[in-house]
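Protein chains: 4
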Amino acid sequence: MNSLERLEGLSTSLLAHSREATVSSHAAEVIDAYESLDPKDRAAYFGFLRDEMTVDHDALRSAATSYLESPDEAGAVALGTASEPVRREFLRLLNTAPWGTRSIVNMRADLLELLPKNPGLRVVDAAFLHVLRSWFNQGFLELRRLDWSTPAAILEKLIAYEAVHAIVGWDDLRRRLESDRRLYAYMHTALPDEPLIFVEVALVDRIVGSIEDVLTQPPAVDLAEPTTAIFYSITNTQPGLSGISFGNFLIKQVMGELQREIPTLDTFSTLSPIPGFLVWLRGQSDEDLEWMDPGARARLPALNGTEWIDFPWAQQDLEPVLMQAAAHYLYTVKRPGSNPPRPLDPVARFHLRNGASIHRLNWMGDPSPKGLGESAGMLVNYLYDADAVIAHVEAFVGDGTIAASDQIKALAAGRTVSATDVASR
Amino acid sequence: MNSLERLEGLSTSLLAHSREATVSSHAAEVIDAYESLDPKDRAAYFGFLRDEMTVDHDALRSAATSYLESPDEAGAVALGTASEPVRREFLRLLNTAPWGTRSIVNMRADLLELLPKNPGLRVVDAAFLHVLRSWFNQGFLELRRLDWSTPAAILEKLIAYEAVHAIVGWDDLRRRLESDRRLYAYMHTALPDEPLIFVEVALVDRIVGSIEDVLTQPPAVDLAEPTTAIFYSITNTQPGLSGISFGNFLIKQVMGELQREIPTLDTFSTLSPIPGFLVWLRGQSDEDLEWMDPGARARLPALNGTEWIDFPWAQQDLEPVLMQAAAHYLYTVKRPGSNPPRPLDPVARFHLRNGASIHRLNWMGDPSPKGLGESAGMLVNYLYDADAVIAHVEAFVGDGTIAASDQIKALAAGRTVSATDVASR
Amino acid sequence: MNSLERLEGLSTSLLAHSREATVSSHAAEVIDAYESLDPKDRAAYFGFLRDEMTVDHDALRSAATSYLESPDEAGAVALGTASEPVRREFLRLLNTAPWGTRSIVNMRADLLELLPKNPGLRVVDAAFLHVLRSWFNQGFLELRRLDWSTPAAILEKLIAYEAVHAIVGWDDLRRRLESDRRLYAYMHTALPDEPLIFVEVALVDRIVGSIEDVLTQPPAVDLAEPTTAIFYSITNTQPGLSGISFGNFLIKQVMGELQREIPTLDTFSTLSPIPGFLVWLRGQSDEDLEWMDPGARARLPALNGTEWIDFPWAQQDLEPVLMQAAAHYLYTVKRPGSNPPRPLDPVARFHLRNGASIHRLNWMGDPSPKGLGESAGMLVNYLYDADAVIAHVEAFVGDGTIAASDQIKALAAGRTVSATDVASR
Amino acid sequence: MNSLERLEGLSTSLLAHSREATVSSHAAEVIDAYESLDPKDRAAYFGFLRDEMTVDHDALRSAATSYLESPDEAGAVALGTASEPVRREFLRLLNTAPWGTRSIVNMRADLLELLPKNPGLRVVDAAFLHVLRSWFNQGFLELRRLDWSTPAAILEKLIAYEAVHAIVGWDDLRRRLESDRRLYAYMHTALPDEPLIFVEVALVDRIVGSIEDVLTQPPAVDLAEPTTAIFYSITNTQPGLSGISFGNFLIKQVMGELQREIPTLDTFSTLSPIPGFLVWLRGQSDEDLEWMDPGARARLPALNGTEWIDFPWAQQDLEPVLMQAAAHYLYTVKRPGSNPPRPLDPVARFHLRNGASIHRLNWMGDPSPKGLGESAGMLVNYLYDADAVIAHVEAFVGDGTIAASDQIKALAAGRTVSATDVASR
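Protein chains in written order, with the numbering used here: chain A, 458 to 882; chain B, 458 to 882; chain C, 458 to 882; chain D, 458 to 882.
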């Protein structure tokens, strides 16, 4: 019996002995067997879950027929019950193993990697998503502030996971946990060492446009009364929980916490990347760019090569055109087929959906290789104005209207805006 | 607008604003409104959940039709999704309120009280049960030993909840937490002050047949090496979690804990009530009792009245007949319509289903008014023999075979067994 | 070898092996041996500590001689070192046992009981007091609020220890922990289950004069903004820590905590017993009472017997004379030989020394047998006025000036004050 | 008023208001004032404590005179009381400040630095040592295992403090906390973030002689049953607690913990530096070294310069002579004036005093610059044999007898021992 067959046998057996006291150690055996499975056999195992742990089609057919004859609420409930595939119960049993939830989350991460090439496994993912969405209900998440008194075993996860502005070692991490910084995470009791999502905040006295100002400045011991909270990084850590949205509530709950703790705060803004900008721009034909100021457009070819990165004068030359293009990209360019129309940029979609407005583009906000490669070094501030959030959400959800500052609108329309205008608030 | 209408309005509105940061306080408003609702309006509110928070019948019909045309796994998943009633999502949103889970459990307790008179609300209960079963998955329960260092706020719940042998005040409770006793509970992070189910155990040196020996004896400081763990009470505390089984795992997990802590333990037994015995016996006609030893049967009429309770000689007279009848009730009498046949007595069903055997009937094991009223004062030991549990479960689940000691079988067959025989092991 | 000799041998041996790794278990042996010693042998054991664990008199004589020749600071230090008796080091070694501190506190409680009949043991107590005062330095005490979430093992100590108004069971205790009550204790890490001293506070809307109003009223759920904190009981729990003062800081630290938590509080008062009043009064001759209003004095004989307790008219008759006498007792009567003069009443001494003023006498404030027996049922409020505390302390410490309200002064001077005047603020 | 005068004024005032509720904030003011004092004024401030916070010399003279007249125990107690300088009470008051203990420990560290040039301040240090020794009684220390789940704020202290084998960053630290390593510390509640002393242990399968084997080997996942615990580093972290011995108990308590946790352990050894060896050796004249094998001695001059460090053949040449010299240094060379004789090497003194034996010299055990500079790269194992510890202590304490292995004795006697002989056990 090879290891895949053994795993399948154990899985079947777990279901058969679901009420026994041994279910927890039985589930642990299944998980061990899965974890020692050769990765190339995973698709086969998920196929087994699809093909063998199915719904009872006879019962479901019968329930569907009954319902169609008499389509009432009780019939719908019966249909719902009949449509439960065995694999869902299987996952509930797996969860009884020590660290079961963690293993299920990791299994789903494996499964998601296989989906593009194995679309037939989507029905298996549906079962994973169903149970995980229930278990990771917002009501079971704990918002926790992480700081220097947090166990190292949790803090090292932040270093490993940070996806926006990499944390380069413990000194960098410590800087982000000083008294003028905050780091909040959602935690779940089933994964006690794992921040599920975390957000990093700088407490400052103005809307900051440069990530270096956030990351490298020494702690502001003199900043007695910060006015502004900058959300400069937000990271989802668990690929296996993809599709379960945490970020929306996290930002707003953190805003509430900060407001309570520091009454002098009156401005909440992000400092965000524009991840798809250059990819998009390089895909634009000349005609696509006709909306642009012709003088600006003429400079675009300089973007090819790396000269513009290395020479300040080349950067200066490109600044107006790229600022226009980026504003246009964020404010005007839509995701194909979205209705109501939605921005192409995923970060913009996220914050606008949450009720923020596009506030300010920042030239050379992130001159790191990653920043230059994604967005020619630009960063953008999204502003969360508590009084306007609901109106923004309604407009955006309704017909796709995007809230933006005058500068953004002017740039997006191909007008030239001086750096000073942009920088000022 | 009356308070029912207000609650319904808030409920509808919660769904409409499900992605907003205010969802948690919005959910709290719904819960407050529910809790201040006149109890007589509750049925109407649950009716609202049934009638207004339904499935999308158009979509479900369409999914059912598609499935019947092409009954594959993907169609079943689509059907499952389409069969989700809105009220399930509504409960998930409610759960975001502080203490949301607790409130939902309490709401379901209210709902279950209404069901007998409002069977149409079963479809609503199906939604409650669906989400609660998922959230209270065995994997999320924490087995905790409760003792005198436990917060008073939790301990007082034990006094309030104990259903088998009432805890009469803090001194009685303290006795049950001494060094020769154990009390284990399942806890859940969403109800941090609530033991969901708890079991009380006495560590002794023999299988005890009298509850007074358990409850009133002073702590056995000299019992260095107990051999026997008596599970003398097991209590489910949350009516709102009815239908979600905890007891099975609790007993077996506690057996494991005790075995690890106290290696000298080699016997695990319950000391259990026979709650339905006298009700059943009084419903028996003469013909029903023909199986019984005629001499014994002749004494039965003495059971009417209370003389037998007050006079030892009357008790002595009744003992043989009642012991036979109780053994017969436990071992032979079945629940009508059960297939394979199942005992009529619910406690017997529970322990036999878990793999125990009926070990010994104890005359005057519980001479309290409750004990006398339920079972003429008899208690029964169910024995958990780790080596036999699986075989017992398989036999019981298979064809209904009940494991029982020779004494029980003899009594159940209408034979007379001397008290000494019964008492000895 | 009898058990006293064994204990003495172990004690000597502990000193001889003080640097060995076994010191902790060795110390535990000494403590066990002490705890199983016949109580009648305790005096002999403390005598052993006095006679055998002495200072090195040769060295001390030599140090004393040196110092007298050249009385400088270094000589004083040397003298201090030479004057250290071995028994102090012995106690430091005892402290290495598990729960050593607790045992030393208990040993000192035993010792204090023996002192009156064994004044020669005072030198032993000096060693206990020296180490305990150092270990229980105010800086090592933790102020903790105890409430219903506190472990039962700590709460039961409150029931056992409460010395002023007995807590009659868990329901009474719970009432004192409701949301309109507070209970604060000092805790020390070496005695984790023992509140060293605790104070009970009622949050109300006026200065309360009746203990029944405090203890039996249902929780004031409507009292959104209490104005007044009544300290109605303060209890030292550890006789073995007698002579180490905790109460002074406790009251003031609790005032600070309450002020922070509940900004509406503007009045802090006690509701205190007058424990020595009737004993004092019964010892007064006619001449002693000449200061009193003659009409009042004439009624005093009625105080003999118990008629005045049982009949309201008799009480009414005595009220003016007892109120005068009590005010006089508190305000005017001094402890013999105190200089500057100090009140005879120990509770008055305590609060006046802390900066309070005598605010109001309350007739029938405590009609319990204890209250009637101590002070004819009267209670007194001491008022802590944050703005006046320092001035009060300085005046009291300086020349013994007592701060008191006009009513107290009038009564103490033998004038009649109507009940209404007294009751009003 | 300059800052020194201000500090002195605050200090005097703290004593004058010692019973007031403000004592804690008053003490905090003194500490703040001390901490912002110019370091060059510290000696003056400690001089103030010496000159102004003195004993009452009149009272002490009188107590000394009385005692000399009648030298009994009560007189000794009175003398002890009279010899208490005010500065001791002052320190007790300082301790009431938040983090007071920590500040007092730090003040003493400052004071100890000043002592060599200001021997007159020793009387001030006596007061510090008196209170700290009492507060840091062994009974108040908590042995805690530190690992990767420990807060980063504590772990970073380990990196900062490690004095024997520097921890170079978090990765190095993490290696020392893996499953085959242990790190134990003594903690005190008054300094919750500060390990007072910590010891690092490697769990291995033989007595290890090379620090690189300890520090750089990957975790031994296969080492199911380690036989040997190597204590390879022990660090006192608080200069302000100098003179209060923790190490003795720490090693033995950790041995007990490890023995309980891992029953397969049967050997406990250190891997220790020989810090004073080369300094001593370079101070030896030719006559001093006459005990040595002449052939070996002839090679010694090669030790000047650095050639021997860089060339293996030069090391090889020196090995025999240095091994002999080191064994001689550890085993034979005594601290001048010690009686009974004690080794000159402080690490040897420490472990021999604790009952260890000198077990094995390890050539090139620590080839780091520090190791080469101190001891020509040699390390030594001290062996803790539980059965022999008490006998070793008694012999060492008695007449200075040193327990050592045959190899050590042979080397110390100037005999040549082959490397193989030394390496084997």
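Check before you lean on any hint, since a few could be wrong.
Which copy is meant is left open, because identical chains are indistinguishable; a pair holds if it fits in one copy or across any two.
[Claimed, not checked] Straight line, CA to CA, 25 Å or less: simulated SDA-like cross-link-like pairs of lysine to any residue:
{"#": "1", "residue 1": "K614", "residue 2": "T469"}
{"#": "2", "residue 1": "K614", "residue 2": "L634"}
{"#": "3", "residue 1": "K574", "residue 2": "A535"}
{"#": "4", "residue 1": "K866", "residue 2": "L569"}
{"#": "5", "residue 1": "K497", "residue 2": "A647"}
In short, the hints are calculated from the structure, not lab data.
Now the hints, each set against the structure:
{"no.": "1", "hint": "K614 with T469", "result": "neither (35 Å within a copy, 40 Å between copies)"}
{"no.": "2", "hint": "K614 with L634", "result": "both (14 Å within a copy, 17 Å between copies)"}
{"no.": "3", "hint": "K574 with A535", "result": "between (34 Å within a copy, 21 Å between copies)"}
{"no.": "4", "hint": "K866 with L569", "result": "neither (38 Å within a copy, 57 Å between copies)"}
{"no.": "5", "hint": "K497 with A647", "result": "neither (28 Å within a copy, 39 Å between copies)"}
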